[in-house]
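Based on the sequences and whatever the hints tell you, model everything.
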Amino acid sequence: FTETAGTFVNAEGLVQSFQGVARPLGDTRPGWKGLRVLGDMLGLPGFGQQSSEEVLAEALGDRSTLASRLSNDASLPTALPTEAATGFERIADVPLYSTDSLVRRALSLQLTADARAPQASLPAQLWADLGLVAGDKVHVTQGEAHAVLAARLDKTLAPTVVRVPTGHMLTAGLGASFGAISVVKA
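Residue 1 is where the sequence shown starts when you use this note's numbering, and the numbers rise one by one after that.
By construction, these hints were calculated from the structure, which means they are not laboratory data.
Just so it is clear, the structure is predicted and the values come from calculations on it, not from any experiment.
It cannot be assumed that every hint is accurate.
[As the list claims (entries may be wrong)] Here are the computed lysine-lysine pairs in the BS3-like style, where the Cα-Cα straight-line distance is at most 27 Å:
#: 1; residue 1: LYS185; residue 2: LYS155
#: 2; residue 1: LYS185; residue 2: LYS137
#: 3; residue 1: LYS137; residue 2: LYS155
Dropping the structure here:
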């Protein structure tokens, strides 16, 4: 990125521009130029910019109104009605070696301890209610989908939360990473 000029809009909504500081190697071109050529080759309108400044001007438009266009002010009420909690809520993480197709297909990574099969982490009360012991499996259901996973006691979880990782072939069919889930001993 040191070879090209560009602009970022940071989390505060401030525009931060920078200039290239090194000469590009060989026939290397900035990304916007590659996209411009592609747009021209496909006959698409709006790809006639000749400089990064023109791209910036078209992307941001009138910079004096930028702050209001980036505003995250919500018009929703600050206190939303809540429903009484019933059942269990799924929370999910994405395991390290399940993040994308490259790492999922890398045999060397899939053979590591970090690539072990997903487990259903359960709060202490649910663990006791189901009468589970180390090594037991549970049947989790979310919507119409279900999976059988090894159960794991996690005393740090809230009483109504079940942690089931996402992004793994055993749990991919369960659906959303957050939502109602039921658990029974398998």
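Hint numbers contradicted by this structure: Result: no hint breaks.
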